[in-house]
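There are 2 protein chains.
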Amino acid sequence: MINYDEQNFLKIGAHIYSKKAQIEKIADEVCEKGFSNILFSSVGGSQAMMDPFRCWINEMSDLPVYSYLSSELIYTGMNQLKDTTLVFMASKSGDTKETVAAAQYIKANTNATIVSVIGKGNSILEELSDYSIVYEDGRPQELILYIVIGKILFNKGYFLDYPTFAKELEYLPEVLCSVRKQVDEKAIAYCQKYHNAPYHIWVASNELWPVCYAFSMCVLEESQWIRTKSVSSAEFFHGTLELIEQNVPVTLLVTEGKTREIDLRVKGFIEKYTKEANVFDCHDFVYPHISDSFRPYLTWVVMNAILQRISKNMEAITKHSLDIRRYYRTVEY
Amino acid sequence: MINYDEQNFLKIGAHIYSKKAQIEKIADEVCEKGFSNILFSSVGGSQAMMDPFRCWINEMSDLPVYSYLSSELIYTGMNQLKDTTLVFMASKSGDTKETVAAAQYIKANTNATIVSVIGKGNSILEELSDYSIVYEDGRPQELILYIVIGKILFNKGYFLDYPTFAKELEYLPEVLCSVRKQVDEKAIAYCQKYHNAPYHIWVASNELWPVCYAFSMCVLEESQWIRTKSVSSAEFFHGTLELIEQNVPVTLLVTEGKTREIDLRVKGFIEKYTKEANVFDCHDFVYPHISDSFRPYLTWVVMNAILQRISKNMEAITKHSLDIRRYYRTVEY
Numbered sequence: 569m570i571n572y573d574e575q576n577f578l579k580i581g582a583h584i585y586s587k588k589a590q591i592e593k594i595a596d597e598v599c600e601k602g603f604s605n606i607l608f609s610s611v612g613g614s615q616a617m618m619d620p621f622r623c624w625i626n627e628m629s630d631l632p633v634y635s636y637l638s639s640e641l642i643y644t645g646m647n648q649l650k651d652t653t654l655v656f657m658a659s660k661s662g663d664t665k666e667t668v669a670a671a672q673y674i675k676a677n678t679n680a681t682i683v684s685v686i687g688k689g690n691s692i693l694e695e696l697s698d699y700s701i702v703y704e705d706g707r708p709q710e711l712i713l714y715i716v717i718g719k720i721l722f723n724k725g726y727f728l729d730y731p732t733f734a735k736e737l738e739y740l741p742e743v744l745c746s747v748r749k750q751v752d753e754k755a756i757a758y759c760q761k762y763h764n765a766p767y768h769i770w771v772a773s774n775e776l777w778p779v780c781y782a783f784s785m786c787v788l789e790e791s792q793w794i795r796t797k798s799v800s801s802a803e804f805f806h807g808t809l810e811l812i813e814q815n816v817p818v819t820l821l822v823t824e825g826k827t828r829e830i831d832l833r834v835k836g837f838i839e840k841y842t843k844e845a846n847v848f849d850c851h852d853f854v855y856p857h858i859s860d861s862f863r864p865y866l867t868w869v870v871m872n873a874i875l876q877r878i879s880k881n882m883e884a885i886t887k888h889s890l891d892i893r894r895y896y897r898t899v900e901y
Numbered sequence: 569m570i571n572y573d574e575q576n577f578l579k580i581g582a583h584i585y586s587k588k589a590q591i592e593k594i595a596d597e598v599c600e601k602g603f604s605n606i607l608f609s610s611v612g613g614s615q616a617m618m619d620p621f622r623c624w625i626n627e628m629s630d631l632p633v634y635s636y637l638s639s640e641l642i643y644t645g646m647n648q649l650k651d652t653t654l655v656f657m658a659s660k661s662g663d664t665k666e667t668v669a670a671a672q673y674i675k676a677n678t679n680a681t682i683v684s685v686i687g688k689g690n691s692i693l694e695e696l697s698d699y700s701i702v703y704e705d706g707r708p709q710e711l712i713l714y715i716v717i718g719k720i721l722f723n724k725g726y727f728l729d730y731p732t733f734a735k736e737l738e739y740l741p742e743v744l745c746s747v748r749k750q751v752d753e754k755a756i757a758y759c760q761k762y763h764n765a766p767y768h769i770w771v772a773s774n775e776l777w778p779v780c781y782a783f784s785m786c787v788l789e790e791s792q793w794i795r796t797k798s799v800s801s802a803e804f805f806h807g808t809l810e811l812i813e814q815n816v817p818v819t820l821l822v823t824e825g826k827t828r829e830i831d832l833r834v835k836g837f838i839e840k841y842t843k844e845a846n847v848f849d850c851h852d853f854v855y856p857h858i859s860d861s862f863r864p865y866l867t868w869v870v871m872n873a874i875l876q877r878i879s880k881n882m883e884a885i886t887k888h889s890l891d892i893r894r895y896y897r898t899v900e901y
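Protein sequence lines, in the order shown, are assigned to chains A and B. Numbering of the first sequence is given in the working numbering, commencing with residue 569 and proceeding in unit increments. Numbering of the second sequence is given in the working numbering, commencing with residue 569 and proceeding in unit increments.
Everything labelled a hint here was simulated from the structure, so no lab data went into it. Don't be surprised by glycine CBs; every beta carbon is placed ideally from N, CA and C. Incorrect hints may have been included.
To be verified - Incomplete in silico selection of chain B near chain A, CB under 7 Å: (1) Glu753; (2) His806; (3) Leu809; (4) Ala845; (5) Tyr895.
Claimed, not checked - Only some residues are given here: those of chain B computed to face chain A with a beta carbon under 8 Å: (6) Gly612; (7) Glu627; (8) Tyr643; (9) Met646; (10) Asn647; (11) Gln648; (12) Ser773; (13) Asn774; (14) Met785; (15) Glu790; (16) Lys826; (17) Gly836; (18) Arg863; (19) Tyr896.
Claimed, not checked - Quick list of in silico lysine to aspartate or glutamate cross-link-like pairs, EDC-like style, CA-CA up to 16 Å: (20) Lys650(A) with Glu627(B); (21) Lys880(B) with Asp573(B); (22) Lys826(B) with Asp705(B); (23) Lys665(A) with Asp619(A); (24) Lys588(A) with Glu695(A); (25) Lys754(A) with Glu844(A); (26) Lys579(A) with Asp705(A); (27) Lys835(A) with Glu600(B); (28) Lys650(B) with Glu627(A); (29) Lys650(B) with Asp630(A); (30) Lys665(A) with Asp630(B); (31) Lys688(A) with Asp705(A); (32) Lys840(B) with Glu900(A); (33) Lys579(A) with Glu742(A); (34) Lys650(A) with Asp630(B); (35) Lys749(A) with Asp573(A); (36) Lys835(B) with Glu627(A); (37) Lys579(B) with Asp752(B); (38) Lys665(A) with Glu695(A); (39) Lys840(A) with Glu900(B); (40) Lys665(B) with Glu813(A).
Using the sequences provided together with the hints, build the complete structure.
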């Protein structure tokens, strides 16, 4: 497998899992202090990384939970942001302009508690946060949120199986390596066929929608300069379907979560009306060591690993490095 | 002006405004009964028609307000949906499958109050709703929501200027005719230049984002089969910007609301990096009889009227009727 280092993946996964006690302690302190609602606020890929956890909290509890882009938050305010709000923020660099501005806005206007997931130590965002988990070389970041949010849900009585789930999370890096291997052949064929396609449609629902949205925007558009329309499965039939023709590549991500039926409705349609229908369905993959009942909770982190095989293979075929940017952090704007 | 009947526009606008007392009575009854939060739930263009009012409520009050696609709601539930929730739903036909299913779900699981905005009388959605406003030939539907939500905000002490605002709303049909005339020449030039473009990028922020999203999806894609990527101004710099080249048409909708600065940042960028930058800025239009302080509240309904001149002129140039569908309500799926 190209651009794949299994030992490293296992190592960087273990690095985050080794912080489990520290992360759970944050959850305990946050619960002890108390909070009345939860807000996820960042921008771009970082917001999309956190957004599936909003769906998870909605499904698991009756805690009020919101997502709000940092860039809009600082201009519009957010009327449920209070002293008792628990805010989750994320930034790889720790200095993302909009996210830092939102953290400053939150601290200037409230006593809300900020918990941040940050890639680098000693950042401005870390300084502004009440709690930070710095993952450095650790991956995937989602593992941090599974632990902190899982433990909060457990503490509040919403997720009694958390201790078992948390034990199985130790295998998450192995699961993600396994699905990468399971999908690679399909991913290579996909990239060979579509790396030159003039236009893609990508579709997914609910907790996989942020994954689909971010992969289209941050990988296909930003890193490969491929034109892509992403649309949620729930909305597909309210407009975008009319663009489907036999030669239009459509890629559908199918969840094992509660909205699976919406995805399958799209699947039935695209398999009839385009010869270029491509489906990546979590249900087709083995997750070693993971209980069946937890599989739906891992949908988004698994799908991100699956899609990583598309980005890595796409890069190898197009010879367009995933790191080249025309504008982002290259020119001033 | 092609496909434009001013007398009819004024008539259908007056038709809705004539129901003002009836609509305000709904607001009064809803307030008298009391509610703890507000939910907007529908799908496609109807949801996008309502979504700017979520931004408005967020800006004007501390009422908790949510948007949730009906199609996802019925599968995932929505953890703040309670007996005391005030639900707004909308459907042109009154029989949109997902919206009707969500209304049934809400009634089966809660005693929430449903207020619906519906195009046709005697529909299933009307039957499921506690209150319905049937607008028949009336336009724009937004006028209904300005009155019912404006009056609720007034009753609760958040919008003391509502009586003046409501009086000025009588001129809304005239304002919308005026902006149509103000923009038509520019819209014609736009359509002549871009009706054959292989790909469009459309950008807007906050309360104009649903307008941009729906125009891209329900008009350009669904009704004209034009490939379009829509992205919020707040997210533009986190991926899509990399697709900008000197020959890529970008259309930016600029608000007069609080996120204007985010839009202007995009404006600066696209005017530098593509020769095909197109900007429709609410600030450039005269709104006869409307107080300056109310202009930001009308941004979304005004922008919809502006964009209607693009759809009407596009149809005339492409000779592709806005009513032709390959699939929607044509084939089974």
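Original post:
Which numbered hints are broken by the structure, listed smallest first?
Top reply: Numbers 1, 4, 18, 22, 23, 24, 27, 30, 36, 37, 40 - these are the hints that the structure violates, sorted from lowest upward.
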